[in-house]
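The listed protein sequences correspond, in order, to chains H and R.
For reference, each letter of the first sequence is one residue, going 94 to 314 in my numbering.
For reference, each letter of the second sequence is one residue, going 94 to 314 in my numbering.
Worth flagging that the hints you see were computed from the coordinates, not collected in a lab.
Remember, predicted model here, so these are calculated numbers, not experimental data.
Please note that the accuracy of each hint is not assured.
Heads up, the list lumps identical chains together, so a pair's fine if it works in one copy or across two of them.
As a list, the in silico DSSO-like pairs of lysine-lysine whose alpha-carbon atoms are at most 27 Å apart [claimed, not checked]: (1) Lys213 - Lys109; (2) Lys233 - Lys109; (3) Lys213 - Lys256; (4) Lys233 - Lys127; (5) Lys244 - Lys173; (6) Lys311 - Lys256; (7) Lys256 - Lys127; (8) Lys173 - Lys208; (9) Lys173 - Lys311; (10) Lys244 - Lys233; (11) Lys311 - Lys109.
2 protein chains.
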Amino acid sequence: MPQEKKGRKKEMPIPKGVVARLPIYFRHLTELQKLGTERLSSAQLGEDLDLTAAQIRSDLSYFGSFGQQGYGYNVSELLKQVQNIIGLDRTYSMVLVGAGNLGKAIGGYEAFREKGFQIKAIFDVDPLLIGNYHTGVIIKPFSELPDYLQKNKTDIGIIATPKEASQEVCQVLAAGGVSSIWNFSPAQLTVPDGVLIEHIHLTDSLLRLVFRINEQRKQFV
Amino acid sequence: MPQEKKGRKKEMPIPKGVVARLPIYFRHLTELQKLGTERLSSAQLGEDLDLTAAQIRSDLSYFGSFGQQGYGYNVSELLKQVQNIIGLDRTYSMVLVGAGNLGKAIGGYEAFREKGFQIKAIFDVDPLLIGNYHTGVIIKPFSELPDYLQKNKTDIGIIATPKEASQEVCQVLAAGGVSSIWNFSPAQLTVPDGVLIEHIHLTDSLLRLVFRINEQRKQFV
């Protein structure tokens with residue numbers, strides 16, 4: 094199937110594996126651009142990311158990007174394509190529910206703001222937090238969330254509440270027309286059809302580390 | 094290759110894909126056990142986890158676990174095997190470096206303690222934090238970390254510092270004999286040979302969500 098030099102064909106869906114690697118390409122290319130690297134070969138990119146050169150070329154073909162013999166890939170051009178595919182060519186308005194330690198950490202995360210993610214409002218039920226400002230955003234009572242969502246188009250709802258509260262928060266967000274939820278609570282949330290949800294499972298990462306610790310230990314037994 | 098009914102053959106390495114799914118099996122089986130489910134079929138498990146029954150059976154064969162015709166899998170037995178494979182049949186001592194919002198959130202995360210992960214000490218450079226207690230653990234000056242590590246065997250070092258400080262923290266942990274690092278800072282850290290590192294890339298998860306948002310949007314265009 095012929096491919097355009099710029100941008101990928103809408104008709105060509107990107108396989109899950111490639112999607113999962115998009116952020117990795119994004120991070121690495123951003124780093125290379127910061128370092129002033131102008132171009133690199135698929136072999137080098139593969140080495141950096143622990144992927145085969147063939148794998149890299151196959152992945153990048155989905156981005157409608159083709160290296161040139163003896164030149165390789167143009168870093169900033171490739172980065173721009175990856176950004177556009179991910180959807181970083183626009184900004185996203187977010188609300189954060191839960192202003193505890195985790196919520197504060199998320200709200201203060203520089204990297205998001207840089208990429209066009211704006212936390213427009215923060216909600217909590219704790220009277221001691223309500224009315225305070227966090228990174229310039231006032232913490233409102235959770236009871237005001239439905240009204241806020243009615244008045245303010247919101248792309249992403251972030252859930253940083255205790256497990257027990259998260260399902261209710263999820264429902265209020267969905268009922269308010271928020272079609273994408275980023276969930277930091279350890280609860281398995283059920284969302285209405287058409288609502289996207291992405292979970293951060295801190296424990297998964299820790300368990301993978303622990304597995305590797307024990308695999309390594311076995312080698313020395 | 095013949096397999097034992099219990100436990101897996103040491104000689105049989107577990108493929109990356111299966112390893113990546115271990116935490117998912119762990120979470121789901123834990124949930125099922127809480128709900129009092131005693132047994133389930135590979136078909137049901139596949140449906141729950143969005144995998145084919147064949148995929149499930151193949152995965153579980155690495156755990157040395159075999160369903161019985163017309164019975165399926167015993168939930169608690171299967172969970173126990175998954176726990177053992179991951180390495181949750183022992184406890185892990187951890188130190189946490191960085192007692193800001195993120196560090197406090199990690200330190201307060203119930204789910205870890207339940208699974209045998211114990212944060213034994215917390216370190217920071219901020220005089221306003223040093224000397225305070227967080228979830229019963231005192232916050233010590235970062236300068237005392239090398240001495241602490243010399244006196245206290247530590248399995249895992251958690252880095253929850255700003256990006257700028259994380260590489261130095263990583264070196265101090267490794268120099269102190271910590272062979273596994275769980276990094277929450279957005280920095281790409283270099284570790285000495287033999288030191289395992291697992292990164293939590295909050296942004297990756299957000300970017301995957303954003304990609305899905307835009308894929309969904311295209312369908313409605």
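We went through each hint and held it up to the structure:
{"no.": "1", "hint": "Lys213 - Lys109", "verdict": "neither (31 Å within a copy, 39 Å between copies)"}
{"no.": "2", "hint": "Lys233 - Lys109", "verdict": "neither (38 Å within a copy, 44 Å between copies)"}
{"no.": "3", "hint": "Lys213 - Lys256", "verdict": "both (23 Å within a copy, 25 Å between copies)"}
{"no.": "4", "hint": "Lys233 - Lys127", "verdict": "neither (38 Å within a copy, 35 Å between copies)"}
{"no.": "5", "hint": "Lys244 - Lys173", "verdict": "neither (33 Å within a copy, 50 Å between copies)"}
{"no.": "6", "hint": "Lys311 - Lys256", "verdict": "neither (36 Å within a copy, 33 Å between copies)"}
{"no.": "7", "hint": "Lys256 - Lys127", "verdict": "between (39 Å within a copy, 15 Å between copies)"}
{"no.": "8", "hint": "Lys173 - Lys208", "verdict": "within (13 Å within a copy, 42 Å between copies)"}
{"no.": "9", "hint": "Lys173 - Lys311", "verdict": "between (44 Å within a copy, 19 Å between copies)"}
{"no.": "10", "hint": "Lys244 - Lys233", "verdict": "within (15 Å within a copy, 46 Å between copies)"}
{"no.": "11", "hint": "Lys311 - Lys109", "verdict": "between (33 Å within a copy, 17 Å between copies)"}
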